[in-house]
Each structure stands twice: as structure tokens, then as C-alpha cells.
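> Below are the chains, spelled out letter by letter.
There are 2 protein chains.
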Amino acid sequence: MSAAEYLKAKANVLRLYSIRSTTKAKSGHPTSCLSAAEIMSTLFFKEMNFDQENLDYIDNDEFILSKGHAAPILYAALAEANVIPKEKLMTLREFTSELEGHPVPRVKGIRVGTGSLGQGLAIGVGVAYAKKLLGINRRIYVLLGDGEMAEGSVWEAINFAGRLGLSNITAITDVNRLGQSGPTMYGWDVESYARRIASFDWNVYVCDGHDVDILVKTFEKAKESNKPSFIIAKTVKGKGVSFLENASDRHGKPLTKEEQDKAEKEIMSRIINVDYIPSNFTEATVPARKTTRKFTIDTNYVLGEKIATRAAYGKALQKLGRINTNMIVLDGDVQNSTYTSNFFEEFPERSIQCYIAEQNMVSIAVGLQTQGFDVFLSSFACFLSRAYDQFRMASYSKANLKVTGSHAGVSIGEDGPSQMGLEDLAMFRAIINSVVLYPSDAVSSEKLTCLMANYEGICYLRTSRPATPVIYDNSEDFHIGGSKVLRQSNNDIATVVAAGVTLHEALKAYEELEKENIPVRVIDCYSVKPLDTATLIEAFKETKHLITVEDHYSEGGIGEAVASLGLQPKILAVRKMPHSGPPEMLLAEQGIDADSILKTVKNIME
Amino acid sequence: MSAAEYLKAKANVLRLYSIRSTTKAKSGHPTSCLSAAEIMSTLFFKEMNFDQENLDYIDNDEFILSKGHAAPILYAALAEANVIPKEKLMTLREFTSELEGHPVPRVKGIRVGTGSLGQGLAIGVGVAYAKKLLGINRRIYVLLGDGEMAEGSVWEAINFAGRLGLSNITAITDVNRLGQSGPTMYGWDVESYARRIASFDWNVYVCDGHDVDILVKTFEKAKESNKPSFIIAKTVKGKGVSFLENASDRHGKPLTKEEQDKAEKEIMSRIINVDYIPSNFTEATVPARKTTRKFTIDTNYVLGEKIATRAAYGKALQKLGRINTNMIVLDGDVQNSTYTSNFFEEFPERSIQCYIAEQNMVSIAVGLQTQGFDVFLSSFACFLSRAYDQFRMASYSKANLKVTGSHAGVSIGEDGPSQMGLEDLAMFRAIINSVVLYPSDAVSSEKLTCLMANYEGICYLRTSRPATPVIYDNSEDFHIGGSKVLRQSNNDIATVVAAGVTLHEALKAYEELEKENIPVRVIDCYSVKPLDTATLIEAFKETKHLITVEDHYSEGGIGEAVASLGLQPKILAVRKMPHSGPPEMLLAEQGIDADSILKTVKNIME
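Order-wise, the sequence lines are chains U and F.
Sequential numbering from 2 applies to the first sequence in the working numbering.
Sequential numbering from 2 applies to the second sequence in the working numbering.
Treat the hints loosely; a few may be bogus.
[Unchecked claim] Residues from chain F that face chain U, not an exhaustive set, calculated with beta carbons under 8 Å: (1) 102; (2) 106; (3) 118; (4) 225; (5) 227; (6) 228; (7) 416; (8) 433; (9) 586.
These are calculated hints, taken from the structure and not from any lab test.
Ideal Cβ positions, reconstructed from N, Cα and C, are used throughout, including at glycine.
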């Protein structure tokens, strides 16, 4: 049997499993699998070099299925490559199966979750970047659908990789003409895709996506360039089953049992030999890198000294960079505001200027961390909302990401609401398994950055623009899920729970109240998720009243987090349309300054 | 004085005001204004036709400053065009001034907020689309920065407008080479921008952005085409002030008073006459369209009939489309899942297929509503997270948007977490002045869609995938801020608060508990924001215990909203890593099914 006959047969085996498993599951996207069958067989059984015994090793060629709804054909390819057992395929989409409806990293050979379209290419760019950094001469392959080519995130990745000349990436788009609800924007106009992508300095190849000879040759050519390569593969949706080919209204619809029987007859006639010949088998020798994260940071601040938490974050990054060579820092052209500039200047080779393209920045970070890097990324808190879908998906990729959002709240002042992070706590709290930290002074900012460095998972740090006085001794310890009781007595009539700039307002209110002999407790709630439940409950029991104060919208922030513990806080938060002005006036207007806290305490007394 | 001399002088007047106002404000981005001075003067005093007395009319040429940080020069242009008083300029960024740090629609001539980069072009595309629909032969001009060209959202808009051949838009990018933290990705490589944009079927013109003669000619040429036009204007950051020109580290930094004096001397020498000659004045005759929104919808469902809320939403859209000709529906290639397909089929001329580009969809909607259209837009709830920044900015644009997210929660089942909307309530609750509605059956879904149609502002409707039984009579009334007490007695020992699929679980639990003579109250909390505070407080007082149940992450959803009222609910919500499986098993696993509710009630009794 010739190589081509072998790849053709394999393609049809992949078709068979894609249909069988989706019909069994009674859901899924068989027609989206069928158009990709020759691309997948050529990739997995000819083009890609990988060690199926050690797919977690990093010196393998890697694959990302950006068109995640074609998951069944990816599972089929992995089964045919002896990575997962073939029996497993028929558990597709079941409650206890790792073979979920869309890929998640519960399966060997799958490092990230996909299924929200338009994210795979940027992740692949991160993987390619990481392999270059590590000197690993392996490629990353990303298969996209044609529908997702409309996503701006795809063009951010094309722009970034083209500019960098990342030559170790091959992207393929499966141009099967049909989206979910009808034809895509460009249908089979493959030249339009080609012209657009080529204009971004990629090698572009247009080919028949069902001709394995041509695919093999095109993949070979793609490797010979010093640019990234994009293959525009013209395909037919539902290819290989006569009644599905190019049929409208068959997106995301499994075959009935009768249809399956009919389809199998057609497909079986084309399968002549299905044994796996690992012609492209390569032994991998570089295991996934495991980092022991037990970093510590020493600070040297003077109590009362005024410094912004964002500036202290920058200093901490720099210190961590010296002790963790595995660390990479990304920023979206705001280094001088987020203070990642400290790191960028000292470690340019481990810094990535992502320009103003936050979605791409987050996905690149996801790609980098799959190769074992500790990735920190920063922007204004408000602009991270640009990549909320990417963060959401990162949680399903079980990614290890250290994220910092600066310029939190109305306390940024004159720049106005477009630059204020007022929904970032809500956003990051609603990411599963996330940690959310919020420093108030330089010492806590550095120490919390270090906690973030030691944490494996998605950790968000919220920093502020204004300089705030140092309130902690350099020896102070912090931990995830902790808090600090800064003021307390046996007679406290209320507890003020705050973090960031409002903590300083709480301390000012405390001073005023003390003059009037009104004792209140003040808690620095620096760990917003998880909360220090025990300390908050104790404060509630002892002082009867909690007041939360935050420079964030009232929804989804500290107040609601505390309220969810049943502690009935009076929530002081941003509730009016924000606008430009001096920070202190804006804090007062929103009722989150010292005076508002003081009045709230007095109201409680009445 | 020649026209060119006049425009040059005007440009320098704009420079003068940009510097004076930012120095007075002690913050702002003067150098980003200076590079755009000739572009702005050519636009405002030669190219654009508008009626400065009636800038709210829709038959004016319109302008969007996508590079919102250059706001001072926009304010200066509006002042020079007698739209706002010149004295006003020196109030820039003050607490009581409408001239905020970045543009917001508190100023005549500014219809949308900008300042989160990369959004202006797509909004402009929406405006251009609207003017075409209305048969208004006026243009929209969008000024972008070169830094924001890295945003994917810009390329989504370029792709969309190019494909449509929207010929009434002229975009200009001010290629001043320098971003915030350093050079942009392409610097002054204007040909790279040109090649990329041209590949998307735009007319592209490269020109000197400081030569008013060339700018005038280029703007003229741009109008003669049946394609959208993009002008790549090569400029110098800080242009016109010797010590600022092309200087690094001057982004976002106002001049000192001494620097201002020096700069003024340079600029003043170039100002020869500053009187406004309204050569391009046009009388506008089409006032902004005001809609009276008092729509009603009749439904005709049978109690117990099973139908998904998303399907009922589709029916409601269709009914509304028949009585509101001002209504436009947008979808991102999921019409057959969100059920906007009903409307698309009946009203193709008022339907916009936005393909898989959610950011662009939202910004186009913002653009359309500035011209008085009632815009409904839909996607899967989870994919709306892609456009969170656009929704955030829409709130500062005071936009009127009717947003529906389908496929809420784990109850979608087998498709898995990438397709589950589990953070949408947190996301939309944390949008200022938003309304969040969540129907449980077909009747409420249609009626809530009608409430949304009648509401002016950002309203979010959350629909579900599974078919659920009709529980409401067709005569039932709903209102924003309302709820329905579905089950109650004088002896209720707890209240279950739910909405959507979990309301049906609550009703099932009620049945089981009733058999055991355990009376509970059941409330349909269909208005998630604002909540029906009075009813919830009453239930808390009467039954002592509230249990909230929601198919959403525990953060930022119904439970926390109720908790924020001080009602100490036991919150049942999604807390485990979601995955594929049958809906009922997933609801059980997350502890939000009938059995979990039943157990929670019994725990309370102990």
C-alpha cells in the first residue's frame, strides 16, 4: 500500500469513528469532522513527529484543534495513534468520560481547552514562542475552521506571529464553506483568505484539503520557510458521506442509526488497512518541566512611605525574575503604567511586548504555560475585560496564569470611566478555581505578588494607581485566604472590611471615630477569593455589624462576597455613573471615602 | 487667506487649546492631540458637512474619535466650530465638567464613549450601516491611533465593512509611530498598514498627515469610491512643538507651565486668523428619532407544554418585529440556536448576520442605536464574554441595547464547559444601570422580551437550552423589578428563590416536600437586576430561611444579589469544574437540582 493509500484509509477510519461516536452520544458535530479527515490523517500519520508514549514531553510536534467542535475526529486520531484506547471513543460526551463535547486537557495530547472559536491560533503562537525560547526544534500545528476566521483574535495572532516571523507554526483552515447557521462570510473564496493572510507576512498555501498527496507536499513546503505558514484547505463539509456532503442544515447534528448504517457502508468500502504504521514516530527526551515554587521576597519599605501598589508590583516582578529564570512577563503596551517596565528593562529576553491586543496576550500566555513557563501578564484592569472569554477558557485549560490589573476603580481620577477597572473583581471571582488578591500598600503588594508566583492556577492581583502609605512592617506575612485585623478592641461596635485604596479610607475613618471614642474594627481583606471566612465570621459575631468598602461596582465584588457568607454587610461600593475628577472627590461621590464610612458607622449606632 | 492657510492656522489653534487645557488639568495626552491637528482641522473645517446648531440630527456627517485619549483636540474642534463654548475647554477633566478625560456622550457632537482602544471603527461601521438603511446620504469619519491597529476588533470591523462595501465610511489612522510604552509594532511602516487593509477590499490612501492640501484631496478621493476608505496618515507625535516632536517618554504627559509658554510661542507664530468660516455648513433636517416604546405581546401557550425559553424568545422577536419597524436584530452565526432565525427569515432587511465576531457585533449595535434603531443582539451567553469590554463601554455610551445570551448554565449538557454561560449574570449585573432578566418558561420569556423592548438602556435576557414546561397563564403580567410567588402558605419554613431551569427544580422539590407536609415558598426571581426587594424581604421575615438556586457560578449571580440585601440565603450554585454529560446529572452534581433543594430544606429543619 502506498503512503497516500494508507493516509486515505486512515482518513476514512477517522470518519467512521467520528460518526459512530456522535451517533452514540446523540449529539456532536460529525459533518465538521468529516471535512477535516484528510487533514487530520496527514497530520497525525505522516506530518507530525511525536512520541505517543510521552505526549506530555515538550520535544514533540504539537497540535491544537481550534475548531473544538470537531473533537470526535481528534479523539479518533489519538486513538488510532494508540494514545487512547479505541473503546474509549464510544464514551464520547458521557458524564464520566474525559472525551468531552469539546476538547479539554483531560486527555493525553490535549494541553488546552478549545471550543470558544478563534482562540487556538494565538495559543499555538504562544507554544511556538515557547519552543523557540527553549531551543526545541519542533512545530506546532493549529487547525482552524473557516467560520472562526471572522474572530479578531485570529487576526491578532496572525499579526503578531507574522511580525515576529515565527517559523515553527503551521496553521490550517478547513474551508468547508458552511458555518452553523449558513454559509460563512467568504464561502469557498479561498483566495480572499490567502490574500488577507499573506498581507500579514505569512507564507500562504491554497490546496485541496481532501487530496492527501497535495497535503503532504504542502506541509513539507510549509516547513522550509522562515515565516509562519498558513494552509488554506478547500474542503467539503460532510465529505465522504454522499448525503451529508455540502448539505445545509446538518451542522451540529449527529446521524440517526439508519443514517449511520448507510454512511458506514460508503466509508467502509474505502478502508483497506487500518493498522498504525508509526512512520513519523520520534522518541521524545525532554519531559514536561516541573517547577518547585517556593519563592520568597524581601521588602525594605519605611512605614508611612507613599508608593503605589502597582509600583511595588513592578519591584516584586523584578526580584522574582532574578530568582525564577522560568518566568516570563507579558504586557499590552502599558508597561510604564503597570510597572512591568522594571522587568522588561532587566530581562528583555523574557519579556514580551504584546502591544494593544489583550486577547492575544492572554492566549499567548496560555500557550507559554503549556511548555512549563511561569507567565505573568498585566494591563489596566478594565482592559482585561477585553479578554474575558480567553480567561474563561483558560480556566478550562487548567492554565497557570498570574494576572495583574492596574488602575482599579474610580481612584484613578481624571482619566474617566473608560480607564477604570470597576468590574474586574466580579469578572475574576467568577472564574472557577481562581484566586483574587488585592494589596493596599507596597509591602502587601510585593508579598501578594510572591504568593501569586507560588500559586499554580489562575491568580488575579488588583493594583491601584494612587500612591498609598506603607502600613505593614517588612516582616509581615500574608497567605492566600488570609486577612489582617488592623484595628480592634473588645468594644468594637462595627467592623470595616476594606482592601486597596478604601482600606486607607477605613483607617482614616478609624482615627476620626477614635477621637469620638467610637471603637471600630478594621480588616484588610487582601484575599478577596478565597475570603478569610473565620476572621470575618468572628468579627461579625463580636461587633454585630460589618461594613464593606470597595472601589468597584457593588455587584460581584467584596461586599457581595462577604454577604454570601451570611454576614449581612452594609455594602459601600460604586453605584453612580463614574466620571472624571480628582480621586478624593470621586471616592466621596461614590460614598466610599473616610467620611462615608464614618457616617455609616454613626448610622449603625442610632 | 487661502483655504490651506486657514486650515493650517486652525490646526494650530487646536494645538494651542490641547496644550492649554491639559496643562491646566495637569493630566492628559497633548502629544497624541498634536499629531492629529491637521487631520482634525481638515475634517472639522473643510471635509465634514454638519449643522453645528443641530448636531443631534442624523443627516449630519459624523465623527468618532476612536483614539479617545486625544479628547482635548476633539473638544477644541467642537469649540472652534461653535458647538461648545471656548471657555469650557479650560474645565477639561474637572469634577463638574462634561469634558471628561476621554470622550463620553455628555457633549453635543459626541454620541459614544471611547477610550478603550479599537472600538471606534466598529461603532462607525454601525453608524454607516444605519445611515444606508435610512437612506441618509451622509458619511461617518473615524479617527484611529496607530497603536490600536493591533486590536482584533479593528480587523473584525475592517473585514465586515470591506465585505459589505460600506462606501460611506472614511477611517483615518494617525500613524505617529509611538505608543504609550514605546514604538508601535509597525512604526512608520505605513505601507504595511496599507497592504493589510487593502487586502480586505478597502480603498487605502497613504498620505502626509500634516499636509492639509494633500489631506483635503485625499478625503475628496475617498468619497468617490464604492468601497469603504482608509487613510493612513503619516504623522509626528508632538508635531508643532519642537521639543515634543517624536520625543519618547512624552505619552500621556501634560506640559509644565514653562513648557506651555515655550510651546505657545512656537504655535502662535503660525496662527494668522482664527475666525470660523463655516464653508462646509449644511442645514440638517432629520431630527434624532424618538421611539415611543409601549409594545405588548400576546402569547398562546398551554400550561405544561414544553418549550425552551430561547425558542419563545425567537417567537417574541418575530412578533415585535411586526409592530416595531424600527427594530434590528443581530446574531453571530448562531441564529438557529438563539432562535433569532425567526426574525431573520421574516425580516431579512432588518437582520444582520455578524458572523463569528462578537466584539464587532456589539459595537455595530452601539453604532446602530446612535441613529435611533432598537437593536437586539444574541449569541450564546458564554460567547458574549468575548465582548465584555464593548458592553462595559456601551454603558458609558449610554447605549440602548437589548442583549440575549442563550445556553445558560450546565443545563446545556453534553457540549461541555466551553459552551456554558456560567458567568453572564456576574458580567451583566456589573454593568452600571443594566437590567438583567431571566425567564423560566415560554410565557415569561416572551413577556420579558417585550419588557426588554420597552426598556431604554442595556438590558440582558438570559435564556436556556432545555425545553421547560409552561407554568404561567398567557394573561400573566411581568415587570422589571418584579418576581412571582408561585407557591406559598402561612406555615412556610423556607423560601426557595430560583429562575430559569432551577425554578422547575424548585417546583419539583416543592411537590416532594408537600407529600411530606413540609411547606415551602417558591419565588420566581425573573428580574435578577433590579431584584424584587420587597417580596424577598417579606419572604425572609415570614419564612426565616432563603435558599437561592441558580445554574451559574456562585460568584456574582442570584445568590450574591439576594445576599447583598442582608437576607442570608443558602446559596446553591455551580461550584465544581463543569464538564460534559446529561443535563440532569450535571444539575445534580452541582447541587442545584430538585433533590439538592429538598435536602437543603431538610437540613434547615434540623
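> Are the hints correct? Go through all of them and say.
Do the hints match the structure? See the list:
1. With a least beta-carbon distance of about 4 Å to chain U, the hint placing residue 102/F at the interface is held under the 8 Å criterion.
2. Evaluation of the residue 106/F hint against chain U yields a violated restraint, the C-beta minimum of about 12 Å exceeding 8 Å.
3. Proximity of residue 118/F to chain U holds as hinted, the smallest CB-CB distance being about 5 Å (cut-off 8 Å).
4. For residue 225/F, the interface hint is violated, the least distance from its beta-carbon to any beta-carbon of chain U being 24 Å, above 8 Å.
5. Hint status for residue 227/F relative to chain U: violated, with the closest Cβ pair at about 18 Å, above 8 Å.
6. The restraint placing residue 228/F at the interface with chain U is violated, with a minimum CB-CB distance near 14 Å, outside the 8 Å limit.
7. This hint holds: residue 416/F has a C-beta 4 Å from the nearest C-beta of chain U, less than the 8 Å allowed.
8. Satisfaction of the interface hint for residue 433/F is found here, the shortest Cβ-Cβ separation to chain U being roughly 6 Å, below the 8 Å cut-off.
9. The beta carbon of residue 586/F is positioned within 8 Å of a beta carbon in chain U (closest approach about 5 Å), and the interface hint is therefore held.
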